[in-house]
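Take the given structure of chain A and dock chain B to it, following the hints.
2 protein chains.
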Amino acid sequence: MTFTAVKPSDASPFGSPIHENSEAEVRALISKAQEQAHTLANLSPAKSAALLREIADAIESQRAALIESACAETALPEGRIGGEITRTTVQFKLFADLVETGRHLRVVIDKADANYSPAPRPDLRRQNQPLGVVAIFAASNFPLAFSVAGGDSASAIASGSAVVAKAHPSHPNTCAIIEGAVKSALTKSGLSTDLFAIVQGTNPQITHWLAGDPRIKAVGFTGSEAVGRILLDISAKREVPIPVYAEMGSLNPVFVTSAAIGERSEELAKGLVDSALLGSGQFCTKPGLIFIPDNQKEFLLQISAHLATLQVGPLLSSSIASRYGAAIASLAQAPKVQIFSAKATENGFGVTPTIFVTDWSTAQSTQGLLEEHFGPTTVVITAAEKDFVKIAGELQGQLTATIHGSASDSFTELLSILAQKAGRVIWNAFPTGVAVTEAMQHGGQWPASSTHTTSVGIDAIYRFMRPVSYQSFAQAVLPPALQDANPWKVEQRIN
Amino acid sequence: MTFTAVKPSDASPFGSPIHENSEAEVRALISKAQEQAHTLANLSPAKSAALLREIADAIESQRAALIESACAETALPEGRIGGEITRTTVQFKLFADLVETGRHLRVVIDKADANYSPAPRPDLRRQNQPLGVVAIFAASNFPLAFSVAGGDSASAIASGSAVVAKAHPSHPNTCAIIEGAVKSALTKSGLSTDLFAIVQGTNPQITHWLAGDPRIKAVGFTGSEAVGRILLDISAKREVPIPVYAEMGSLNPVFVTSAAIGERSEELAKGLVDSALLGSGQFCTKPGLIFIPDNQKEFLLQISAHLATLQVGPLLSSSIASRYGAAIASLAQAPKVQIFSAKATENGFGVTPTIFVTDWSTAQSTQGLLEEHFGPTTVVITAAEKDFVKIAGELQGQLTATIHGSASDSFTELLSILAQKAGRVIWNAFPTGVAVTEAMQHGGQWPASSTHTTSVGIDAIYRFMRPVSYQSFAQAVLPPALQDANPWKVEQRIN
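Here the protein sequences come in this chain order: A and B.
495 is the number that UniProt numbering gives the last residue of the first sequence; the numbers go up by one with no jumps.
495 is the number that UniProt numbering gives the last residue of the second sequence; the numbers go up by one with no jumps.
In isolation and in its complexed conformation, chain A is listed as follows (with noise of 0.2 Å):
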């Protein structure tokens, strides 16, 4: 069995057929990384910052190969995809940064104390360790920042976690590119290829393979509301439940003030229409939802008019155009929506950006407006700017909320609300662009996220280890991490 990558910007096949990897196969990986986990685990903090660098330098060797191969499987322009490997580099670079200093071990040591209370206390000394062999679910949309060595398998690499990942078959050449360049990395390391490996095909029973693998210790997956539920049940099914880490569907609903729109209308207008369109729509933290006070028909017009003017690239593959556009003529059908329309896109797998406006009673009452479509489409919605909180109050939960103001505006109360609804919340900017640091919280709140963690940003290395504490060991036994002389100087909390 083999499959063949498509083309956005045409429809035509791209690369040679790739093998489908069957159920044995796939089993057969996650054996091996297994086999081979114990030295990604054991490794001290600067062997591995080191592979961490090798890994970033080996796919920035292959940045020429990549920019061809991802252009082609994702129509996605040059700049992007270039920035994107870099993000990926930075990504390892800053996992590299942290492992250096042992911190993301969070080791803390209570020395033992007699005259502790309630009792008396034994040494203890607790660390966090790696999960064993994890399996990663690529993203379409970022075919190098979120795919295979993306985010999710940099921080479980970091962690000390052997990855077996799932290629998006939307890129499969720019996959194997990465794949061949992560093992090189790990033969110039000395480290077995087996920790690291990318599973192909389109069959979705791929999916249950990996996630119910009794070997399998964790899942991080970026996609769907629909896909992240049946990881969810696979898991909850399994002899042995694992976590799934699944950042999904969001809205990003934006709130914007009548004192902003006085204030500076038309940068409002095309920053928002920009930000829901850039990429074709087809960001996670695309603003699918925004606000505007009534009787701002010259703001909505302006929204309209710098909509007109544009066009995106084709969308990322056959099934999310498909989706889009069945979306698009479904929510146009709707009483009381009004329709904006950009230029279209006809070849490949084009479309046309459609933006709806409508009130907050009618969007309620409008299957599929308050849902999140892939592509570049957004909702513009009506209300008294006294409703704001009351609607924020009744959103689900959410990766990001944006306010729209004026220093002037007074909104602690709609600020609160949307902090309880989503994982990141903003002031006059716009959600899409993540900072890939430390205080970023991607992971917001079901149906957003299915757990509290991020998978963007240093702290996505946590999801992958777990604490155990260590009792009245002597320090030879101690792993080295624990120990007094700390051979590693790893950042040690003693008390």
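It does not matter which identical chain is meant; a pair holds if it fits inside one copy or across any two.
As a list, the in silico DSBU-like pairs of lysine-lysine whose alpha-carbon atoms are at most 35 Å apart:
| no. | residue 1 | residue 2 |
| --- | --- | --- |
| 1 | 489 | 111 |
| 2 | 111 | 47 |
| 3 | 386 | 297 |
| 4 | 93 | 489 |
| 5 | 7 | 270 |
| 6 | 390 | 188 |
| 7 | 390 | 32 |
| 8 | 270 | 343 |
| 9 | 93 | 188 |
| 10 | 32 | 47 |
| 11 | 390 | 489 |
| 12 | 111 | 390 |
These are calculated hints, taken from the structure and not from any lab test.
Note that the coordinates shown come from a computational prediction; the quantities given were computed from them, not determined experimentally.
Structure of chain B alone, referenced to chain A:
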């Protein structure tokens, strides 16, 4: 509807009839807690610490009443109950000390950086925020330290989350005294008593009402694997799934080497039996599987001889006593299993401590021998010492795993496997007696725990918080802990 507590010492009723809460009452308590939750969430670290210390003092002020009630309701000795009261108040004070520093907020401030790679980064500040209203299910075996205001509730309140706690029906009067104490501390602190509520009853539906209520944001539970699975299933079927922090059964395997027996056989035999019988064998960290090398007949005789001198207090409830009796009777029928007994306790829910001895293959093929049996029993398994590593690899997940050895033993491989199975590994000590301290990890691997978190020690607080990032907000609008001026003087990590 009412129910009445029962004294395990003679099966007689204790105290007045207790009102059994209806569904409407449970939902009203959740509702009221939710209405007030923001007041707790927004307390300054200083006020939050003061509240936790008020609660500790209020519980301490009820010491005499608690001892009278808890001793009657559990038949545990006064010394144990007194120690538990102290542990309960110490837990609140430890959280007060933590909260005061603000360290639990895990504040990270990434200042805006136009030169940041791969892209300029905005001002991004992250802190932990409380989840809201959480449901705590009290354990039967710790009538204070893991009951309605035990470690779970203390960590939840410290996080800033409101608590609705299900009282265990085996010590309802003790729970009612604690409820009064916590509510009086809330009042003294100028807060609503609705922030802490307890629910009483024997109806198993209460579990569903609580864990299934959409306003409940997390569940803390200590108890059996069966009930843990029910709670996980309730969560998975909710419209919005929530984290279920369940710490469940564990066999807490102990591996004893020939060298250890050679050095200190009598001390070991006594220590193991005493640990298995401590608290009438009703600890989740009870050593339930003890592996000793073949041909240690003398050591088995020492175990048998020490056991024969002992007697334990009655079990906590008639259901625990009858499950224990049925399990012991059934295991006693198994072929190739040797039985050692202690003195019987005839009154009330009294039972006879019983130790089973068999080999590993018999243990594996005998139904029920490798399951947790709550009460004064354990299983001693004889095996070739060279097979310890292989056997350890075949064990399920555990809370703890222990090695009793000599400095001359080489056990690196065994330790490495046990550290993959358990949350706490122990050298030459006993798993019972859990230190309430920062380096403690109580939770282990499934089926001992549902997540990688801990319910004991100060890290328990992180179960009830989640990170939220604030992007580009003006200083005045930011939560106090994220402001440059740092009015709460919390620990801030600034990049």
